[in-house]
Each structure stands twice: as C-alpha cells, then as structure tokens.
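Colleague: Protein chains in written order, with my numbering: chain A, 130 to 313; chain B, 12 to 122; chain C, 19 to 202.
Errors might be hidden in some of the hints.
[To be verified] Keeping only pairs whose Cα atoms sit at most 27 angstroms apart, straight-line, the calculated BS3-like set for lysine-lysine is:
1. A:Lys-255 to A:Lys-242
2. A:Lys-192 to C:Lys-149
3. A:Lys-196 to A:Lys-184
4. C:Lys-141 to A:Lys-179
5. A:Lys-179 to C:Lys-149
6. B:Lys-103 to A:Lys-190
7. C:Lys-141 to A:Lys-199
8. C:Lys-192 to A:Lys-192
9. A:Lys-255 to B:Lys-103
10. C:Lys-141 to A:Lys-184
11. A:Lys-227 to A:Lys-255
12. A:Lys-192 to A:Lys-179
13. C:Lys-192 to A:Lys-184
14. C:Lys-141 to A:Lys-192
15. C:Lys-192 to A:Lys-179
16. C:Lys-192 to C:Lys-149
17. A:Lys-196 to C:Lys-149
18. A:Lys-255 to A:Lys-196
19. C:Lys-192 to A:Lys-190
20. A:Lys-153 to A:Lys-227
21. C:Lys-179 to A:Lys-199
22. A:Lys-184 to A:Lys-255
23. A:Lys-160 to C:Lys-179
24. A:Lys-196 to C:Lys-192
25. B:Lys-103 to C:Lys-192
26. C:Lys-149 to A:Lys-184
27. A:Lys-160 to C:Lys-141
28. A:Lys-153 to A:Lys-192
29. A:Lys-242 to B:Lys-103
30. A:Lys-179 to A:Lys-160
31. A:Lys-242 to A:Lys-190
By construction, these hints were calculated from the structure, which means they are not laboratory data.
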Amino acid sequence: MKPMIAFTVLALAPMAAQEINFEKLQRLAAKAANIVDVNLDASMLQLGSKFLSPKDPDQAKVKELVKELKGLYVRVYEFGREGAYADSDLEEIRSQLKQAAGWARIASVREGKGRERETVEVYLKKEGERIGGLTVIAAEPSELTIAHILGPLDPEKLGELGGFMGIPKVDSKIRYGKTVPPSR
Amino acid sequence: MNWEQELRAALRRHEPPAGFAERVLERAATESAAPVRRRRPWLRWCAVAASLALLAAGGYQYRERRLRGEEARDQLLEALRVTEAKLELVRKRLNRTSGAAHLETRQESRI
Amino acid sequence: MAEHWQALAAPAEAGREKDTAPDDFAGLVRRHQAMVYSIAWHFLHDRGLAEEVAQEVFLRLHRELGALESPDHVVLWLRRVTCHRALDRWRRRRREEISLEEAGELASAPQECDPLLEDRLRKLVASLPPKWRAMVILRYQEDLQPAEIAQVLNIPVGTVKSGLQRALATLREKIRRSMGGPEQ
Numbered sequence: 130m131k132p133m134i135a136f137t138v139l140a141l142a143p144m145a146a147q148e149i150n151f152e153k154l155q156r157l158a159a160k161a162a163n164i165v166d167v168n169l170d171a172s173m174l175q176l177g178s179k180f181l182s183p184k185d186p187d188q189a190k191v192k193e194l195v196k197e198l199k200g201l202y203v204r205v206y207e208f209g210r211e212g213a214y215a216d217s218d219l220e221e222i223r224s225q226l227k228q229a230a231g232w233a234r235i236a237s238v239r240e241g242k243g244r245e246r247e248t249v250e251v252y253l254k255k256e257g258e259r260i261g262g263l264t265v266i267a268a269e270p271s272e273l274t275i276a277h278i279l280g281p282l283d284p285e286k287l288g289e290l291g292g293f294m295g296i297p298k299v300d301s302k303i304r305y306g307k308t309v310p311p312s313r
Numbered sequence: 012m013n014w015e016q017e018l019r020a021a022l023r024r025h026e027p028p029a030g031f032a033e034r035v036l037e038r039a040a041t042e043s044a045a046p047v048r049r050r051r052p053w054l055r056w057c058a059v060a061a062s063l064a065l066l067a068a069g070g071y072q073y074r075e076r077r078l079r080g081e082e083a084r085d086q087l088l089e090a091l092r093v094t095e096a097k098l099e100l101v102r103k104r105l106n107r108t109s110g111a112a113h114l115e116t117r118q119e120s121r122i
Numbered sequence: 019m020a021e022h023w024q025a026l027a028a029p030a031e032a033g034r035e036k037d038t039a040p041d042d043f044a045g046l047v048r049r050h051q052a053m054v055y056s057i058a059w060h061f062l063h064d065r066g067l068a069e070e071v072a073q074e075v076f077l078r079l080h081r082e083l084g085a086l087e088s089p090d091h092v093v094l095w096l097r098r099v100t101c102h103r104a105l106d107r108w109r110r111r112r113r114e115e116i117s118l119e120e121a122g123e124l125a126s127a128p129q130e131c132d133p134l135l136e137d138r139l140r141k142l143v144a145s146l147p148p149k150w151r152a153m154v155i156l157r158y159q160e161d162l163q164p165a166e167i168a169q170v171l172n173i174p175v176g177t178v179k180s181g182l183q184r185a186l187a188t189l190r191e192k193i194r195r196s197m198g199g200p201e202q
C-alpha cells in the first residue's frame, strides 16, 4: 500500500457544501506518493475550532477566521516523479469553477517551461461586496495542490494569519486583489 | 548554522533527576509486595458491566468527540498552512515580475 | 528465565546503550532511563511530568516484561509506550489548562552549542502538533530512520516522511522569526 498522510479519517463528513467535486482527481491518488486530503464542512470546522487554544495567538486568529466558514477542502498530491498528471486533470477543476456562480480568477502566475513549468492560480468568489470563497490551484512538476475555502472570508483576518505555522505573511496585494483585481 | 546538528544537540538525551532508578525500583517492589487478592470472577464481571454502562452513558462519546475535534483541528491547521504557502508563492512571483516569472492578470468577471 | 533476563539486558543498540547493566529489571531501568525520560521531557517540556511519565512507563514494563521477547522488542516497546503516555499526559494537562508558558523552566544542562537557540528549539519542538513532535523527537533524539519511526508510531512511512518535512519547515521558519531573521 502506498504511504499516505492519513487525513482521510474524517473525510466521511458530508461534502454537499463544497463547490468543487474532487471525485475526478481520484485517479491521481493512485499515482501519488503522499496525499493530504482534508474535508471539513461547517460542523467539523466548528468542532475543530473549539480545540484551538485561545492562548496561542496564531490559533486565536485561526479561530476568528473560520468562525463563519462553510467548508475547507484541501488536496495535495505529491508524486514521486514529474509529469504524473496532465493539464486536463486541472481543467476539470477549472471548468467546475467556471460553472459555479460568482467565481473569478484573480491571478495566475506561471514560471518555467515544459516539464519544469509551475503555475499557481487564485480564484475568488464574490458575494455582493464580500468575498465568499477562495480557491488556489498550484501545479508544480511533481506536486499538485488544490485548496478550496467556502464562506465569508475577511481579507484583514486572512492577512493577520501571516506567519502562521511558519508561513510568511500573505501580501496585501493578493489579499485585497489590488494588483490583479477581480474586475466585474 | 547546521540545522540538523542544532536540533540534534537540542534534543540530545538527558539523564533523569538523581535517584530516578531507585524511585522506580521502590515503586516496583511495592507493587510486587502487594498481596494478591483472591479472584472473584463474578465481582470482576460486575465491575466490567458497570464500566461499560458508564462508558455507554457518555464517557465514550465524550472521548470520541474530543478525538474527532482534535483531528479536525489538526486538519484545519494543516489546510490553512498549505493554502497560505501557495498564496505566498503567488506573492513572491508577483514581486518578481521583473525576473523570469510570467504573470497573467485576468480582467474578466467570469473565467 | 535467567537467560531471558540476560538477553533483555544485553546491549540493545550499538553506540547508544554503552553501559554495562546487571541482568535484571534494575539494569533495564538504568540502561534505558535517559531514553525514556528524554522522550517524555522533550514531548512535555516539563521535568516533573517527564519523570512521572517515565516512572509509569517503567512500572508498566515491570508488569509486562514477561511478554517481551528480545532486547530490541524492549526498546521498541519503551519508545512506543513512552510516546503514547506522553501524548496522554499532554492531553490531560491541556484539559487542565496549564499552558506551556506556565510549565516550569528548564534546568540548564551542560551545553556545547548556543544555549539560547537550543532552549528555543526545545520549546518549539514541544509546541508542534503531537504527531509531528513525536516524529521529530524520535528522529533527532533517538536518531531513528523514518521506517523505524513508522514502526514505533504504527503509521505509514510516507506519513512520517511528510510529517518530518513539514515539521522541520515549520521549526525552521519559527526559529527564523523568533531570532528576528529577514522575511523571505
């Protein structure tokens, strides 16, 4: 059996809220050396946030951020080699976002060529004046990451998480979409 | 700084406080010297049944809920860490637009 | 029976267990006390609790020694039970809402490297999520390979590799931030 991160225990939680169906990516799971598979609906997010320590400033910020979230879904597939997935695999995800209401791609960065190419795409869901969701698709030669967050996201709070778990601050340009605005 | 060496040094083994082994041996000897009570199978079954009843009454559920909650919290932290790492990647590349990175901006309201 | 005890007290790991110990339970305690105590200490970051856990582990060893078949088995058993006991103790302590910061200060042991950095590293290790913490302690205190860690913690090797990688990235970033390093 391939070693994998056993985050799937809680994956049985209802997934009705998510706007991306990850089923099509199942075939990639068979090729991956390591997998992170997180499926947290609103009830699991609330349950999990109850166990965040209010004494830890980072965790207190996370608690505040997820208070109103409806879902948090992450897939990371780490492959032992390059070229284990095709762009058509990602197209499945992109087309789902195209069809879902309110989603717009606000940034797409690409680096390298051919097999060395790395791309990261950021999508936001607009709900009136609010941000109603965030999806990040990061395609690296031997790793594919999809993060899908649903629910009202406060850019200020997301920014405050900078440095959380060792990750440097998220730049305000991305947070507020000023450099690459989700124009309507 | 050799990172792994620093970590190894920080986590090197330490002897426990003086007299540790003697304290363990003393407790082990006390346990061994305790009189062995005559077993009463029916009493044991009663105890087991009572424990099961207690578990059913909520202890088990509480523990399960706690474990599920802790798992969910760990997943939540991991998921946010992954998301932030990728957003950070975008930020870095946007800041390097003068370099090799190629940036596309999308102006359309729909994809 | 005498042969059994003799075998159990024989050197378990070349290079790590150098002392000659008498062939009885007392010998096993003296041989492995530093290992058991240090795992608990690095896990809990509290000397008093670490001693309690270490004592409980050895008392349980005393009760179950007859079931252990070889010196290697004893070492594996001690590491596994210590990790589990330390985790239980950590969870109980958290329920009692005694924070890491409130725990006793570390008594300083003889240091060869930067004592401030080492102390900071130990605190950061003790603040990692419990699964990662156990992996890091077994890797850097016990010098175990991922496959051996997987055996102790009873999880897939891939999970250990990913966990170690992420734990180290987190530690590296946190120590950089705590030392006032430049933002990357």
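Colleague: Each hint should be assessed against the structure and marked as holding or not.
Modeller: A quick look at each hint next to the structure:
| no. | hint | in the structure |
| --- | --- | --- |
| 1 | A:Lys-255 to A:Lys-242 | violated, 32 angstroms |
| 2 | A:Lys-192 to C:Lys-149 | holds, 21 angstroms |
| 3 | A:Lys-196 to A:Lys-184 | holds, 17 angstroms |
| 4 | C:Lys-141 to A:Lys-179 | holds, 24 angstroms |
| 5 | A:Lys-179 to C:Lys-149 | holds, 19 angstroms |
| 6 | B:Lys-103 to A:Lys-190 | holds, 23 angstroms |
| 7 | C:Lys-141 to A:Lys-199 | violated, 34 angstroms |
| 8 | C:Lys-192 to A:Lys-192 | holds, 20 angstroms |
| 9 | A:Lys-255 to B:Lys-103 | holds, 24 angstroms |
| 10 | C:Lys-141 to A:Lys-184 | holds, 15 angstroms |
| 11 | A:Lys-227 to A:Lys-255 | holds, 13 angstroms |
| 12 | A:Lys-192 to A:Lys-179 | holds, 8 angstroms |
| 13 | C:Lys-192 to A:Lys-184 | holds, 17 angstroms |
| 14 | C:Lys-141 to A:Lys-192 | holds, 23 angstroms |
| 15 | C:Lys-192 to A:Lys-179 | holds, 24 angstroms |
| 16 | C:Lys-192 to C:Lys-149 | holds, 18 angstroms |
| 17 | A:Lys-196 to C:Lys-149 | holds, 26 angstroms |
| 18 | A:Lys-255 to A:Lys-196 | holds, 19 angstroms |
| 19 | C:Lys-192 to A:Lys-190 | holds, 17 angstroms |
| 20 | A:Lys-153 to A:Lys-227 | holds, 16 angstroms |
| 21 | C:Lys-179 to A:Lys-199 | violated, 31 angstroms |
| 22 | A:Lys-184 to A:Lys-255 | violated, 33 angstroms |
| 23 | A:Lys-160 to C:Lys-179 | holds, 17 angstroms |
| 24 | A:Lys-196 to C:Lys-192 | holds, 26 angstroms |
| 25 | B:Lys-103 to C:Lys-192 | holds, 19 angstroms |
| 26 | C:Lys-149 to A:Lys-184 | holds, 21 angstroms |
| 27 | A:Lys-160 to C:Lys-141 | violated, 38 angstroms |
| 28 | A:Lys-153 to A:Lys-192 | violated, 31 angstroms |
| 29 | A:Lys-242 to B:Lys-103 | holds, 18 angstroms |
| 30 | A:Lys-179 to A:Lys-160 | violated, 35 angstroms |
| 31 | A:Lys-242 to A:Lys-190 | violated, 38 angstroms |
Checked against the numbered hints above, the structure breaks hints 1, 7, 21, 22, 27, 28, 30 and 31 and satisfies the rest.
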